[in-house]
Every structure is written in C-alpha cells, then in structure tokens.
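Input sequences plus hints: build the corresponding full structure.
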Amino acid sequence: MAETSLVGSERTQQETTVAAPPTRRSILWSKMLTPYFFIAPFLLTFLAFTIGPDIYALVLSFYRYRGYGSATFVGWENYHAVLTYHVFWTELSNTLFYWLAHTLPLIVIAFGLAVLVRSKVLRGRSWFKPIIFVPNVIAVVAASLVFQNLFGTQYGVINTLFHLHIAWLEDPNVTRWVVVLLLIWRNLGFWFVVFLAGLTSINPDLEEAATVDGANAWQRLRYITIPLMRNIVFFAFIIDAITSMSLYTEPNVLTAGGSQAIPPVAPVLNLLIVNINNGVFGQSAAVGWLVFLVTVIVAAAVFGIFRLTGEVE
Amino acid sequence: MNLQQRISRRDALKIGAVSAAAAGLTLAGCGPSASAGGPTSVNLMTWGDATGLKTAFDSIAGIYPSLAKDIKFNVVVAGANDFDVANAFRLALSSHKNIPDVIEFNRTQIAEFALSGALRDLSDIISPVKNDLYAGAVQLASYQGKFVAVPFQVKSKLFYYRADLFDQAGITLDDLSTTDGFLTAGQKLHAKFPDKYILNLGTQPQQYIIGELLSAYPGVEFYDKASNSYQITKNPAFSQAFTFLQQIHGAGITLPIDDFSNDWAQAFQKEQICGVLCANWMKAFLPQYSTAAQTGKWKVVPWPKLSPTLSDQSTGSEAGGSVFVIPANAPHADAAIEYMKHYMLDATGSVAQWKQNGVITPLLKSAQPAVLDFFQNGTKPANVTDASWALQPQNFFGKDFQQIEFTSYDSVKVLDYDPSATKEITILLQALENILGGKAGVASALAQAQSDMQSQIGNPYQA
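Protein sequences, first through last, are from chains V and F. Counting from 1, one number per residue, gives the positions in the first sequence under the numbering used here. Counting from 1001, one number per residue, gives the positions in the second sequence under the numbering used here.
If a hint is listed, it holds; no wrong ones were tucked in.
What follows is a set of in silico ranges between Cβ atoms, one per label pair, in the way DEER data are often shown:
#1 F/Tyr-1461 - V/Val-296: 33 to 43 angstroms
#2 V/Asn-149 - F/Gly-1250: 27 to 37 angstroms
#3 F/Asn-1377 - V/Gly-69: 45 to 55 angstroms
#4 F/Gln-1266 - V/Pro-105: 25 to 35 angstroms
#5 V/Gly-69 - F/Asp-1121: 14 to 24 angstroms
Rather than coming from a laboratory, the hints here were simulated on the basis of the structure. Every residue, glycine too, gets a C-beta built ideally from N, C-alpha and C.
Spelled out as structure tokens, the structure:
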C-alpha cells in the first residue's frame, strides 16, 4: 500500500495510486439496495396514492366532516351509525348473495368450457375462444342496459317472446337473480381464458401415460387435470371473492339506469356512495373500512376452505 | 473519469437555458387567467350537458357585445348529476383551489352551503328585479330571508292528461278535485279502457313525488330546530301523502311502471298512460315519448287539489328548481355577476337564450309578452327540424300551454330544506318503496324513516 505522507515527490505517488477495491460490506449493501431502486417508482406511487389515502380515510372515519370547514372528532359514532343501520345489513347481505350465487356456477362453467374447447372433441375451437370472451369486452354499463331491455316487465324481450309477465326488475327477489346472471355472463370469458391457459400448461405426457394405463376421459379429468389446476382454481376463487365485495355498477345500472338501486337489491358500496353524495365523508370512510374488513374475512374464509381440503400447497 | 469533466461548459449552458425556459413557461401558466386589458374568464360549473349554457351565453353576447368583449365564458361539467357538482364544490372549498365563479345547483342543495357562508349575498342584483320575478322564482332565490341564488329553472306542478280519453270516459277535471274523486275517475277510465291507466306508479318511484306532495303543506319541514327533533311521525303531512300514494297504488288504477324506467317511454307510445302528475319539465319528455301521433291529445292544467285528504295540491314544487350561485370566494365574482344580470335577470337576455334553446323559460314577468308572442306566432327556426318543431310544447300541447305554465310559477312553494335534505329525501324514498312494495304500513315505514334520520344524520344543522 502507498505511503500516506503528502510531502514532496511522495504526493505524486499518492495521487497516482489506484483507489482501494470496494469492501465486501459495500458490495453486500449495493446488492441489497439495488432491487429497491427498481421497485421504488411503484412503491412511491403505491404509498402516495393507495396507502396514504387509506390512512387518511381511516382517520376521517372518526370525524364528522363535510369535506370543507372544520372536522369534529366523534370517536366510534360513525361506525356505530353504520352498524346500527338496517340498510347496511341489507346491502351487505345482497353483496354476499351476489358473490356466493355467481362464483360457483361461474368457475364451474368457465372451467368446463375451457376443458371442452381444449379437447379434441370440439371442432372449430378457434371460433369459440373469441365468442366466449366477447361479453368480457363489452362495457359493463352497455351490458347492463342491454339486460335492462331484455328483462323489462312490460315490454322486455324475454317477457314478450315467451308471453310471460315476470317482474324481473321490479320484484327484488327476482331482480337479484338477474344480477347474478349478468355477472356470470360478463365474467365467463375472462376465467375461461385463464383456465384455458392453465390447461395448456399441463404436460401432455401425463395424460398420454394415463391413457396408456387405461384411464378414460373422466378419470383423466378427475385425477390429473383437476389436481394440476388446483392453484389456478384457488386463484380464481380468491380474486372473484375480492372483486365481488366491491360490486357496484351492475345492480345499479340494471335496475335504476343512472340512479341508485333500491336497498333490497343494492350492494353495500351504495351506502358509501350515498354518503359521499350527501357530503357525509366520515360515515362514508367508515363504510369503506367495514367493507375492507369484510373483504379480508371473505378472502381468509376462501383461503381456509382450500387449506382444509388440502387444495393449496 | 470524473462526471463533472464529461459535461463541457457548452453543454452546461444549454442545460441551463432549457431549464430556465421550462421554469418560465411553468410560471407563466400560474399567472392570472386574464392578462391586463383582456377578457375575464368566468367559469360556470354544471352537470350533464354544457351545450345549452354555452348557446345561452353566445345568444346573450350577441345582444350585449360588451359581454363578449369582457368575458371569456367557460362551462365546466363536474359530472353526470347534481351530486357531482356538490362534491366538486366541496373539494374546491377544501383545497381553496379551482373555485368556480358560478355554480348550478338544485334548490335542495344550497342550504348546506348557504349556512356555512360559502355563498355570496346576491341581494344587490335580485332586489331590483324582485317584483318582476314570478313568486316561485323569488322563493328559489332566497334562503332564510337572504337572496343567495339566481333562479334558473322553476319547477312548478303540472298535470298532463289525455283529454280525448277523459272525454270518452266521461271524466271532467272537477271529478279529480278530491282524493276519492280521483280514485273513482281512475277506476272509470280503467273500466272503459282496460289497457289504460290514469297514472303510472310502480314500487320504485322517483323521489320527486315526495317533494311534490309535501311542498303543498304550509310550514312542513323534516327537522324542527326549536324542538331538536325530526317531524316525520309528528307532522300529519307525511302520513297523508304516503297514504295517498299507497291508496292509488293499491286501487288498480295505476300502471305498475316507474318513471324513467325502461318501460315508461314505451307505455306512453302505446297509449297506456293517460295522465301524469308531474312538473313543468315533463314538457320536454312527454312529446318525445308519445311521438307526434298524439299531438293535440294531451292537455295541461295545474295539479288537482286532491282535498280534503291532502293539502291543496295545486301549489308546491318537487324541489323548487335549479339555481345559479356565486361562491363567496369566486375569483371573478364581478364578471360573473355582470353575466347573471344579463342572463336570467334581464328580459331581453332571457328571451334571447330561450329562443335559442327553447328549454329554460324566462322567469321575468316583463318577458312574458315576448314569449307568448313567439308561442302564438313564431315560425320554425332554420336550425330546427320539422320533427323536432312538431314536438315543441306550443305545437304538441296547444298554444295555451305557455300561459298555463306561467300561471303555475306563482303557485310554486319551496320546502324549507335543511343542509341534509338530500339524505333525508333518500331515507323517505326508501320508506315509500317499502310501503308500495307491501313490506310495511305507512305508520311503521315513517317511524323507521324517522329513526334512520336520527341515527344516520342526527342534527342536520350541526357542523
């Protein structure tokens, strides 16, 4: 190593000395921090536009605030008001109903279609894929308005064609099932594509081997295909459950056009929107956080069911 | 090699020049909206479609060139409905930024902002024309004794009915003056024409029916400040109004279709609905739904009294109407006031915009002769199609329509709305839906509504 003295000719030697190589510690720090630099843009945006507003909403839920002027701390009053409001429980039960009633048929039909389209039984498979996916591409408002025309009581297409007089969109007990039908119709294409991609990734050698061993189509499906698809099915149930908790457009546009659906049909987000529209932001924030809590519970329940059945690794 | 040594002096000067230019452009954009001597920007916030308001400004500026010279008019559409406008204004007040110069509101919404001091006092411009405004317009402009708004569109109560079918069924307007008479007339019409009904009323009515019925009662309010309590179960107006609706819904005289539902327009076209207890704005919808084939068959009168069960229903208003307000902190309040003075508060200006748009009827009595003259003698403007002209109120309902509408303006009574009026009406509507859906009786539904208002709103005057 070079001398550290800076006197006379030794300075030149000092200045031309090559810098010491990086230490092991600095290499480790560099390796640790580099990935964070790459995800920093996302992290900063996420903090600024998701976590930040969420924390603000949580704080706001303990205040009475019209969006301007002074905010008054009210403690748990907003949560108490929401939890003791019968409309909240009605709309929450509607949301849970829409989720439970549409998820299972949706996943089963989408999976079945994917298996069918992938099989060699069906001809013209390349035609079925875009046809099944088209409803997913249609704007949700447009789809809801079309269903409104189909299911009108007096002059709807269904009642007119089959000479019925069912109050599809007036009787809440019936209207909820129309909403379920709309949800299944619109989301079928998306999960069909997801399942089809999953099925395509299954090694065909496994099925060939099973065929050689004498397994029929049903046995191959039950003992090879379905077990290998379990993670994707689990993903489908979880994602669908989470998005179902934030359902808003379909019930409202279907039953009320540009207005709000009545409570026997409305999802729980309607209460949040009503409070926002009326400048009751504290209660609106409370509804939002209660919906978040319900979403966590629902997701945990789905997780738990899959773990219990051993379907998740 | 050192980074500093890589950037030459020339490059550093270039970077500095570009940065300075960018900073200069940014700062220039932050300056006042009008340069000295240029027109002043007036921003008007509304909902829905901006076309009518822009056309109105152009027509008024054509008559008053100084307006075109001094004002650059911008219309900002906050969203699809009045809730969006209210939320946008709350956001502007919260951030103290982008406060518009003029805002269009529904009359139900101004209580909140008037009580918080967010609205400018407009007594200076309303008082000079107060005696020239219709009584309903004066009510629209005032809140708790102060003028805080410029009336824009008065919503008066009008009853539209198929005069030809009423004649065939032997029904006169006098038959409708009592509640029992109305029920009997409805049964008579349905007996004569089994596929037709005197009204439509489903299980999910629009909320304006509540305001229309309640506003006829003197001094009705949702919340009584003196006793700090809601009046839903105490004031008989609520039970009487809701009982009436329950009665006509259960009597088989109403077509079970709701207003603005998918089936509503077709029901008019198929001539199933023979009467509409509604507001003056229905003049824009009914001709389109019924089509020109029903021209001359529909007549218009004020609401029947429907006494003694209800308070005189020929008076009142669903929600008063819509108004323009000027925020207390509007950046260009003077220019905004100048425009408002030439718009709905000036006979010439208000007639000019009405001739262009055909929708917003002038609210000054001094403008009435010009409007009536146009109704009687006006010819089709070049930019209006024949089909559209045929559906204009004077052609569809008859030449006497406008005089009837003008007369109805003086019968307008505005409910004494409190700052939580929109949420209170939402809760009342839920009660009405339960009653019409057979899920609750009137008394229990109103008791539930009162309880809900107490738990969800509390004191609406509390900040």
